[in-house]
Amino acid sequence: MATVLPTQHDFAAQAFERVMRLRRLIASVALFILLELSLVGLAPYADTVASATSQQGDIGRQVLILGALGLLMIAPSNARPPMAVPTSILILLGYCLLTCLWAIEPALAMRRLALTTAAIWIVVRSVGDLGAVRTLNLMRIVLVVLLVANFVSIYATPLAKHLATDESSIIDDWRGVMSHKNVAGVACSMTILFFAFDRTSSRMPPWVHALVLSAATVFLVMSNAKTSIGMVVIALAAGFAMQFYNPRHRSMALPAGVTAAGLIVLYVFMYSGIIERILNDPFALTGRGSIWPPLLEYAGDHLLTGSGFGSFWQIGDRSPIFDYARGWVAHNIGSGHNGYLDLLVTIGLPGLVLAVAVLLVWPMIRLLCSLSISRPRRALLCSILVFCAGSNITESTLLDRTAVVEIFLVIAVVLIHRLSDQSAGAHQYLRERMIRLATRNSFKAIRSRIATGDWSRPGAVRDAAGTPEPAEDRIG
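Letter 476 of the sequence shown, counting from 1, is numbered 476 in this note's numbering, and no numbers are missing.
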């Protein structure tokens, strides 16, 4: 019987697979380091309370981030080009870099932006090498191991609960091996979302999903993390609704979205008096009613520029909060407890609009328009976006280095970009139009229109013969 010798193609395929296995291993280690830093930190039970005067530099954290970066940089890239950072995120980071020019503490702002950029780059490279299924399964494994460690710690040490030396309002709330009950709440909420949706990719028996969901729910309730408890319910509702959504019927989503936005605006106007009383009540929303008015006042004085990226809180005695607030708000608070307000006072209104568009709106549009993303996975990614967007109403995590909600948001956004890039849908036409508008030829066409006064067909780009663009190239 003749022996079949391996061909050159077989050797090439084997070499490719070996390289990709190594890259996946390195990507898994790098992503695990990032998740460990965001969820647990450098040591279990370590309190991370920051005041307005502290600059909160952590050499150990920076070394680990640099280590993860180094691992990914030395990973072989000859088999397949690594995933590039999405253009929209690069534009956002570029604008944040621009605001460092007028930052109150430029060196500190640059350092914080560098850590934020490094965390995003680690996620992009890791997700690109692992792919969607491996990334989601790695996340599930990390979350389950963390959940088990949290329950073991509750019965092993009193440090797993907030002690009498902590804030009086959180005594006996469960935090597990993490620094604060709010971090534990986010971890449990993400565990619930990851095991409630896209179950087929996890390859785990149904009873495992049920057990994990029950355990995560118990720990979430015992943590008394009110924001996470409220937002996980809303995120679950959004995810379940998304399972019935058909992207081919997306034309119905826009009117529904506009209607919902209109109802929210109407609600705000109808109950503006109640909202004003909440902001004026120093004890409202666990004290946030005292934090937000100074931020709004500062934003009114620096609406377009802000103070510069990362240059409002935790920058020492030059922090603007001392000019707009007194007492515990000025001396004992390390963030505005509202991600949108914190971006408003640091990178201004243009930066806030850009950040919301890049991190929340554009990913949601891509998710709604992509035709080939499965409904269970679409539901999972949508629920994560909704949770992170709502969580930032009472917590500040947007573009905040390795903050736990920020890391989960970036992972979801990068997964959406990766999956939607491989899918047909109206988002591809939107992306092409945006690229065209940014090219030199588009500006030439606009200048030509201005010169000739030909505005009879706004939005119809004509070729040299004067014929409109083909109908199939238009946004449906």
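Warning: the hint list may mix true and false statements.
To be verified - Derived Cβ-Cβ restraints for the label pairs, each shown as a range:
{"#": "1", "residue 1": "Ile59", "residue 2": "Pro106", "range": "42 to 48 Å"}
{"#": "2", "residue 1": "Ala237", "residue 2": "Tyr340", "range": "20 to 26 Å"}
{"#": "3", "residue 1": "Gly327", "residue 2": "Val63", "range": "35 to 41 Å"}
{"#": "4", "residue 1": "Leu98", "residue 2": "Tyr155", "range": "47 to 53 Å"}
{"#": "5", "residue 1": "Leu296", "residue 2": "Ile234", "range": "22 to 28 Å"}
Quick caveat, the hints were computed from the structure, so don't treat them as lab data.
The beta carbon of each residue, even a glycine, is placed where N, CA and C say it ideally should be.
How the hints compare with the structure:
| no. | hint | verdict |
| --- | --- | --- |
| 1 | Ile59 / Pro106: 42 to 48 Å | 20 Å, violated |
| 2 | Ala237 / Tyr340: 20 to 26 Å | 22 Å, holds |
| 3 | Gly327 / Val63: 35 to 41 Å | 36 Å, holds |
| 4 | Leu98 / Tyr155: 47 to 53 Å | 51 Å, holds |
| 5 | Leu296 / Ile234: 22 to 28 Å | 25 Å, holds |
Checked against the numbered hints given earlier, the structure breaks only hint 1 and satisfies all the rest.
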